[in-house]
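Trainee: Build the full structure now, drawing on both the sequences and the hints.
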Amino acid sequence: MKLTRRDALAIGLGATAVAMLPLRASAAAEEAIAAFTGGAEVGAGDITLTAPEIAENGNTVPVSVEAPGAGSIIILATANPTPGVARFNFGEAAGSQAASTRIRLAGTQDVLAIAQMADGSFIQTKSTVKVTIGGCGG
Amino acid sequence: MATGVKPRVKVPKTAAAGETVTLKTLISHKMESGQRKDGDGNVIPRSIINRFTCEFNGKPVIDVTLEPAISTNPFFEFEAVVDAEGEFKFTWYDDDGDVYETAKSIKIA
Amino acid sequence: MKSQAHKSIAGIATAIVAASVIGAGAAFADEEAELTVNGEIDMITKTAAPAHLSDALDEVLSGWRFRSDTTQDMQMDDFDNPGMIWVEEAREKWATAEGSEGKSCMDCHGEPEDMSGVKAVYPKWNEGAGEVYTLQMQMNECRTDRMGAEAWDTDKGDSIPMEALLASVSRGLPVNVAIDGPGQATWEKGRELYYTRTGQLDLSCASCHEENYGNMIRADHLSQGQVNGFPTYRLKNTKLNGVQSRFKGCVRDTRAQTFSPGSPEFVALEMYVASRGNGLSVEGPSVRN
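Residue numbers (our numbering), protein chains in the order written: chain C, 1 to 138; chain F, 139 to 247; chain A, 248 to 536.
Bear in mind the hints are in silico, worked out from the structure with no lab data behind them.
Check before you lean on any hint, since a few could be wrong.
[What the hints assert, rightly or not] Short derived list, chain C residues pointing at chain F, Cβ under 7 Å:
1) PRO81
2) ALA86
3) ASN89
4) ALA93
[As the list claims (entries may be wrong)] Label-pair restraints from in silico Cβ distances:
5) A:GLU360 / C:ALA34: 51 to 59 Å
6) A:ALA342 / C:THR128: 47 to 55 Å
7) F:LYS242 / C:SER100: 15 to 23 Å
8) A:ASP316 / C:ALA34: 31 to 39 Å
Just so you know, even glycine gets a beta-carbon here, dropped at the ideal spot from N, CA and C.
Mentor: Pasting the structure below:
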């Protein structure tokens, strides 16, 4: 295939659009993170986020989080229209600092889990979930 | 109130003292996200369960804040320590002000 | 050339999406997994094709085998299966008197469990009516003739939950739809529809579900289109779906004018497609994407 000037322009525009999208989404995600951490530094640690590598449908994506010793864990879907998904606060009768739920993802994106530990520090992990677009609308 | 909302919980009937048990909950709710539009192009207002809590004999197990990204018919699975026989109390809070509650007792075996 | 430039953008976007999912097909489904529900109901999700299909297929496979492990898991425990919400709802309906006769389903039929095996043989010939009945049509005959209540619309309102309840008490039993006898003409009509290409895309049911099952249609893993799991809870619309509504979606996707749920054509097609799954377990309410 021979590229015309117009095609090249189209490709350029497409690439720009693709590059800009995550930026816009992550601004909202950054805000949500700051709301949880109060701007504190977020490190790595003993936190696990289990999500399918590929979700058959973004409407119902099973996810699990676990962070032994955490007081709270939040889940963020960084490219959703609003990134907040859930916040789990664990109480004294909790058997573990772990929970599973089913979430909505607007498209392929990073899902983020951040835990606040007993000492007030924050740790995070992320998982990329590919959301497929079905062949059949039926 | 939101129609057809019905909580379901799965709690073992018995546990050993000090045992960690797995609990599952599901509540039928459409979890309208506030992101969708109707046939006329008007935004369908958000209507979700925004909070779920579980207590055991009055002690908190888990307190969840739900956002519109939680799927239709919210499902949770988590663990609790059963130190004595007693009752799990589950509560869901709807955007429209409704509160749905259910409870399940557990014995020490 | 303007339109071509636009096309290029769409083409590139499609290519990006495709690139991100191609190669995922293998990891996408667990075709060798076995299905046991609640740790006690063993399901036959793969078996030798019924004799009438032996020229076309060696074995028949439940749609469950074509789904990813996370979707498969949701059907393995009734608590994890959102379709059971409607089954519980229908259980209350089953015991509720309705209509001018003040009768409930239970008054004639006892517990829902006493109806075990019924779903497995539908659609089937109804002697009194002189036509093939789907289970929903039989439910409606009960409602109008025995209860003096209003009939339910096909695949709407209470008909789907009630069908799901009746399916749930037959889970694990093999589908066994009769294809001979007085219903044979209807079955043959259904078979003809199955192999008839429709729409601008010129596709028959067989084009996708017989000739291409196991392949990807864009990002979707094509199944054999078996209906042993209906009514089925779809992640896509988060509700229970009826067989004939699903047919409508498929036919519409070929860009054809579709038949309506409840039409004689879809009754015949339901009978034929159900018979293609003879030998597979009744799974409804199943969970699919």
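Trainee: Run every hint past the structure and note whether it holds.
Mentor: Each hint, compared with the structure:
1. PRO81: With a minimum Cβ separation of about 5 Å from chain F (threshold 7 Å), the hint on C:PRO81 holds.
2. ALA86: Nearest chain F Cβ about 6 Å off; hint holds.
3. ASN89: holds (4 Å)
4. ALA93: holds (4 Å)
5. A:GLU360 / C:ALA34: 51 to 59 Å: holds (55 Å)
6. A:ALA342 / C:THR128: 47 to 55 Å: holds (48 Å)
7. F:LYS242 / C:SER100: 15 to 23 Å: holds (19 Å)
8. A:ASP316 / C:ALA34: 31 to 39 Å: Given range 31 to 39 Å: holds, Cβ gap about 36 Å.
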